[in-house]
Amino acid sequence: KAGVTQTPRYLIKTRGQQVTLSCSPISGHRSVSWYQQTPGQGLQFLFEYFSETQRNKGNFPGRFSGRQFSNSRSEMNVSTLELGDSALYLCASSAGTGWGNTIYFGEGSWLTVV
Amino acid sequence: SQQGEEDPQALSIQEGENATMNCSYKTSINNLQWYRQNSGRGLVHLILIRSNEREKHSGRLRVTLDTSKKSSSLLITASRAADTASYFCATDGTSGSRLTFGEGTQLTVNP
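Keeping their order, the protein sequence lines are chains W and D.
According to the working numbering, the residues represented by the first sequence are 10 to 123, in order.
According to the working numbering, the residues represented by the second sequence are 581 to 691, in order.
Hints listed in this document are in silico derivations from the structure and should not be mistaken for laboratory results.
Please note that the accuracy of each hint is not assured.
Covered stretches of chain W (chain D as the covering partner; in silico rule of three or more C-beta atoms under 8 angstroms from a C-beta of chain D) [what the hints assert, rightly or not]:
1. 59-69
2. 97-106
3. 111-121
What follows is a list of derived Cβ distance ranges for each label pair [claimed, not checked]:
4. D:691 <-> W:11: 28 to 36 angstroms
5. W:26 <-> D:655: 41 to 49 angstroms
6. W:70 <-> D:618: 37 to 45 angstroms
7. W:109 <-> D:600: 20 to 28 angstroms
8. D:655 <-> W:29: 20 to 28 angstroms
9. W:79 <-> D:691: 44 to 52 angstroms
10. D:639 <-> W:108: 39 to 47 angstroms
Keep in mind it's a predicted model, so treat the numbers as computed, not measured.
Note that CB positions come from ideal geometry on N, CA and C, so glycine has one too.
Construct the entire structure; sequences and hints are all you get.
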C-alpha cells in the first residue's frame, strides 16, 4: 500500500507569490492534516480535513488555507508568501478522525521563500 | 506552542547500547504517538500508546506511559547506526487528529 504522497518535494518561491502543495493520503484514509515544521517553532498543526470538511484549524493567519477533494486528496495554499513561511510542510493521513487513529506522515514539501 | 518537552534534547551513544528518551506533556491525553524523523525527511510512525496502557513493545522499541506524571519514555535497545534520527512524541487532546509535538530528541548512534 502506498504511503502518503506529497508534491512537490522542493520548491522556491519569491516573497508575495502564492504556492499550492498537494497531498495524496493512504488509500482508504479519509482524514488529512497539514503541519508546518521550522527550526524555531518546531512542528505545528495547520488544519485537518475529513470528508471534504475542515474539522480543525491551527493558529495560523488566513493566508494559509486548504481543501479536500471527494477522493480525499488535499491541497494547501499559502498566499502572499513571507520569508518566515520557509519551512517543511508535512501532510498526514489517518483512516478516521478523532482519537485512537494512527496518523501517518508523508515526506514533506520543502518550501523556500526568497 | 509545543505541548511538552523531550529530554534529553540530544543523545549520543555507541552502537549496541540502549537509548532512552523521555517526553513530558501538559494536558490530559487520549493517546500518545512516537515518531522518528531522519534529517530532511518526513515522520515515520513508531508506536501509538493509549492512555489506559502503561507499556507497549514493538521490535527493539519499548514505550511506557505514566499519565499521573504526564510523561512517556521511548527505549531503543541494541541501537544501530541506522537509528540515528530525531525522535518526537506527539499527543492528542481536545481533538484526536490534531497532534501536539514535543521539541524532539536528536539521537546519534556512533558505529
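Hint check:
Counting residues of the region 59-69 of chain W whose beta-carbon sits less than 8 angstroms from any beta-carbon of chain D gives 4, enough to reach three: the coverage restraint holds. Look at the region 97-106 of chain W against chain D: 5 of its residues bring a Cβ nearer than 8 angstroms to a Cβ of that chain, three or more, so the hint holds. Under the rule that three or more residues need a Cβ within less than 8 angstroms of chain D, the assignment of the region 111-121 of chain W holds, with 8 such residues. As the Cβ distance of residue 691 of chain D to residue 11 of chain W is approximately 32 angstroms, the hint placing it in 28 to 36 angstroms holds.
Remark: the range hint 41 to 49 angstroms for residue 26 of chain W to residue 655 of chain D is upheld by a beta-carbon distance near 46 angstroms. For residue 70 of chain W and residue 618 of chain D, the Cβ-Cβ distance of about 30 angstroms falls outside the hinted range of 37 to 45 angstroms, so the restraint is violated. Our hint of 20 to 28 angstroms for residue 109 of chain W and residue 600 of chain D holds, since their Cβ atoms are close to 26 angstroms apart. For residue 655 of chain D and residue 29 of chain W, the hinted distance range of 20 to 28 angstroms is not satisfied, since their beta carbons lie about 41 angstroms from each other.
Taking the beta carbon of each, residue 79 of chain W and residue 691 of chain D are about 49 angstroms apart, inside 44 to 52 angstroms as hinted. Remark: the range hint 39 to 47 angstroms for residue 639 of chain D to residue 108 of chain W is contradicted by a beta-carbon distance near 25 angstroms.
Checked against the numbered hints given earlier, this structure breaks hints 6, 8, 10; the rest are met.
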